[in-house]
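Novice: Residue numbers (the numbering used here), protein chains in the order written: chain C, 2 to 193; chain W, 2 to 193.
The set of hints was computed from the structure by calculation and includes no laboratory data.
Just so it is clear, CB atoms sit at the ideal spot from N, CA and C, and this is done for glycine as well.
Treat each hint with caution, since some may be false.
[What the hints assert, rightly or not] Incomplete in silico selection of chain C near chain W, CB under 7 Å: (1) CYS174; (2) ILE182; (3) GLU183.
[Said to hold, decoys possible] Below, simulated DSSO-like cross-link-like pairs (lysine-lysine); rule was C-alpha separation at most 27 Å, straight line: (4) LYS147/C with LYS95/C; (5) LYS126/W with LYS22/W; (6) LYS151/W with LYS35/W; (7) LYS53/W with LYS147/W; (8) LYS35/C with LYS22/C; (9) LYS184/C with LYS184/W; (10) LYS164/C with LYS149/W; (11) LYS147/W with LYS22/C; (12) LYS149/C with LYS164/W; (13) LYS27/W with LYS164/C; (14) LYS95/W with LYS147/W; (15) LYS22/W with LYS184/C; (16) LYS164/W with LYS151/C; (17) LYS95/W with LYS164/C; (18) LYS164/C with LYS22/W; (19) LYS53/W with LYS147/C; (20) LYS126/W with LYS164/W; (21) LYS164/C with LYS151/C; (22) LYS149/W with LYS164/W; (23) LYS184/C with LYS53/W; (24) LYS27/C with LYS164/W; (25) LYS22/W with LYS126/C; (26) LYS95/W with LYS149/W; (27) LYS164/C with LYS133/W; (28) LYS133/C with LYS151/C.
[What the hints assert, rightly or not] Not close to chain C: a few residues of chain W, all C-beta gaps over 12 Å, as computed: (29) ARG18; (30) CYS32; (31) GLN40; (32) SER65; (33) ARG87; (34) LYS95; (35) CYS115; (36) ALA129; (37) TYR171; (38) GLY178; (39) LYS184.
Number of protein chains: 2
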Amino acid sequence: MPERIITISREFGSGGRTIGKRAAEKLGIPCYDKELIEQIAEQSGYAADYVKEETESLNGGLFSALFADRSMGLTNQDKLWTIQCRIITELAEKGSCIFIGRCADYILEERENCLNVFIHASVEKRMARIVKQYGEREDTPEHRVKEKDKQRMEYYRYYTGRKWGDVYNYQICLDSGELGIEKCADLICQLY
Amino acid sequence: MPERIITISREFGSGGRTIGKRAAEKLGIPCYDKELIEQIAEQSGYAADYVKEETESLNGGLFSALFADRSMGLTNQDKLWTIQCRIITELAEKGSCIFIGRCADYILEERENCLNVFIHASVEKRMARIVKQYGEREDTPEHRVKEKDKQRMEYYRYYTGRKWGDVYNYQICLDSGELGIEKCADLICQLY
């Protein structure tokens with residue numbers, strides 16, 4: 002029986018990670034989230050903090066990534082991308098599971114039995130959630146939310162060529178702010 | 002108990018209409034589709050065929066609509082838009098129901114208990130479906146599908162100011178080509 006994979010792409014503060022974990026618990030399958038960062042760190046030899054930063058946004062933005070000096074070979078970020086692709090592909094071969102973010106929907110696009118989900122919510126609901134989950138920072142919640150989304154969008158665009166959050170990339174898109182975290186997790190389990 | 006409304010926006014050939022009708026059957030509520038055209042025709046005094054054409058695309062496209070001569074008052078199309086808004090609003094007041102298309106998601110955006118759904122599918126699956134449902138035409142299936150979507154997108158854009166098919170307009174977006182018509186109808190019923 003081929004493995005069934007779920008990939009969850011999500012806006013910052015939409016609860017996508019929580020939804021993924023709840024669905025994984027209900028289905029009795031692994032959910033790969035921060036564990037991926039640790040595995041990439043292990044395989045690459047870089048520190049986990051560095052890996053997290055390099056695999057969640059483009060240093061200096063899209064322009065900088067496009068025109069980075071590759072005369073000596075791939076940048077660190079490119080190398081980490083390659084390792085990330087390999088790890089996700091290998092984990093998908095091992096058994097049914099859920100991936101949170103990491104462009105897994107794109108990396109696994111050739112696979113059958115892969116359900117790609119996009120979780121979103123209004124800016125207001127996400128602002129409230131990130132303050133509740135992560136506390137206050139120097140930046141305003143609104144700025145944090147928009148900045149993080151922009152980083153994800155640029156990273157995704159750069160490495161996949163696709164538009165992050167575009168309805169056509171996913172079999173199902175859910176507004177977690179309106180539907181609720183539990184309901185989203187239930188729907189995902191049903192489609193599994 | 003306030004009425005619960007479902008609006009279904011859909012790509013041409015994605016089976017959105019069928020999904021809406023199936024969901025309405027399962028829920029035991031009305032599904033307003035072509036009936037809306039007839040009601041608009043009745044209230045406006047125009048023929049149903051004319052109404053259908055004027056409420057599904059902009060004559061001459063977006064440019065023409067933007068620069069139409071309104072020195073003598075609203076165009077026919079504007080008048081029909083106004084009647085369409087009124088009819089949809091009144092029907093939503095009468096009781097729980099499903100609306101197929103007609104920018105109902107926008108018209109009813111202030112309502113609570115309104116579930117907005119977007120149905121989409123790959124161009125290939127939609128091409129196959131429209132030939133099966135509607136038969137061959139002079140135009141290629143690919144052209145028909147793309148042309149119809151373009152019309153919907155422009156009409157929606159013009160009257161709502163929003164981007165048709167944008168994930169942020171809907172609580173749930175479903176790829177009917179991947180998930181199947183019946184599954185989509187079931188999911189909608191669950192969220193009702």
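Novice: Run every hint past the structure and note whether it holds.
Specialist: Status of the hints after comparison with the structure:
{"no.": "1", "hint": "CYS174", "in the structure": "holds (4 Å)"}
{"no.": "2", "hint": "ILE182", "in the structure": "violated (14 Å)"}
{"no.": "3", "hint": "GLU183", "in the structure": "violated (13 Å)"}
{"no.": "4", "hint": "LYS147/C with LYS95/C", "in the structure": "violated (35 Å)"}
{"no.": "5", "hint": "LYS126/W with LYS22/W", "in the structure": "holds (20 Å)"}
{"no.": "6", "hint": "LYS151/W with LYS35/W", "in the structure": "holds (20 Å)"}
{"no.": "7", "hint": "LYS53/W with LYS147/W", "in the structure": "holds (19 Å)"}
{"no.": "8", "hint": "LYS35/C with LYS22/C", "in the structure": "holds (12 Å)"}
{"no.": "9", "hint": "LYS184/C with LYS184/W", "in the structure": "holds (16 Å)"}
{"no.": "10", "hint": "LYS164/C with LYS149/W", "in the structure": "holds (23 Å)"}
{"no.": "11", "hint": "LYS147/W with LYS22/C", "in the structure": "violated (39 Å)"}
{"no.": "12", "hint": "LYS149/C with LYS164/W", "in the structure": "holds (23 Å)"}
{"no.": "13", "hint": "LYS27/W with LYS164/C", "in the structure": "violated (36 Å)"}
{"no.": "14", "hint": "LYS95/W with LYS147/W", "in the structure": "violated (36 Å)"}
{"no.": "15", "hint": "LYS22/W with LYS184/C", "in the structure": "holds (24 Å)"}
{"no.": "16", "hint": "LYS164/W with LYS151/C", "in the structure": "holds (19 Å)"}
{"no.": "17", "hint": "LYS95/W with LYS164/C", "in the structure": "violated (40 Å)"}
{"no.": "18", "hint": "LYS164/C with LYS22/W", "in the structure": "violated (32 Å)"}
{"no.": "19", "hint": "LYS53/W with LYS147/C", "in the structure": "violated (41 Å)"}
{"no.": "20", "hint": "LYS126/W with LYS164/W", "in the structure": "holds (23 Å)"}
{"no.": "21", "hint": "LYS164/C with LYS151/C", "in the structure": "holds (11 Å)"}
{"no.": "22", "hint": "LYS149/W with LYS164/W", "in the structure": "holds (15 Å)"}
{"no.": "23", "hint": "LYS184/C with LYS53/W", "in the structure": "violated (37 Å)"}
{"no.": "24", "hint": "LYS27/C with LYS164/W", "in the structure": "violated (36 Å)"}
{"no.": "25", "hint": "LYS22/W with LYS126/C", "in the structure": "violated (33 Å)"}
{"no.": "26", "hint": "LYS95/W with LYS149/W", "in the structure": "violated (31 Å)"}
{"no.": "27", "hint": "LYS164/C with LYS133/W", "in the structure": "violated (32 Å)"}
{"no.": "28", "hint": "LYS133/C with LYS151/C", "in the structure": "holds (21 Å)"}
{"no.": "29", "hint": "ARG18", "in the structure": "holds (18 Å)"}
{"no.": "30", "hint": "CYS32", "in the structure": "holds (22 Å)"}
{"no.": "31", "hint": "GLN40", "in the structure": "holds (29 Å)"}
{"no.": "32", "hint": "SER65", "in the structure": "holds (28 Å)"}
{"no.": "33", "hint": "ARG87", "in the structure": "holds (26 Å)"}
{"no.": "34", "hint": "LYS95", "in the structure": "holds (24 Å)"}
{"no.": "35", "hint": "CYS115", "in the structure": "violated (10 Å)"}
{"no.": "36", "hint": "ALA129", "in the structure": "holds (17 Å)"}
{"no.": "37", "hint": "TYR171", "in the structure": "violated (7 Å)"}
{"no.": "38", "hint": "GLY178", "in the structure": "violated (9 Å)"}
{"no.": "39", "hint": "LYS184", "in the structure": "violated (8 Å)"}
In this structure, the hints that do not hold are numbers 2, 3, 4, 11, 13, 14, 17, 18, 19, 23, 24, 25, 26, 27, 35, 37, 38 and 39, in rising order.
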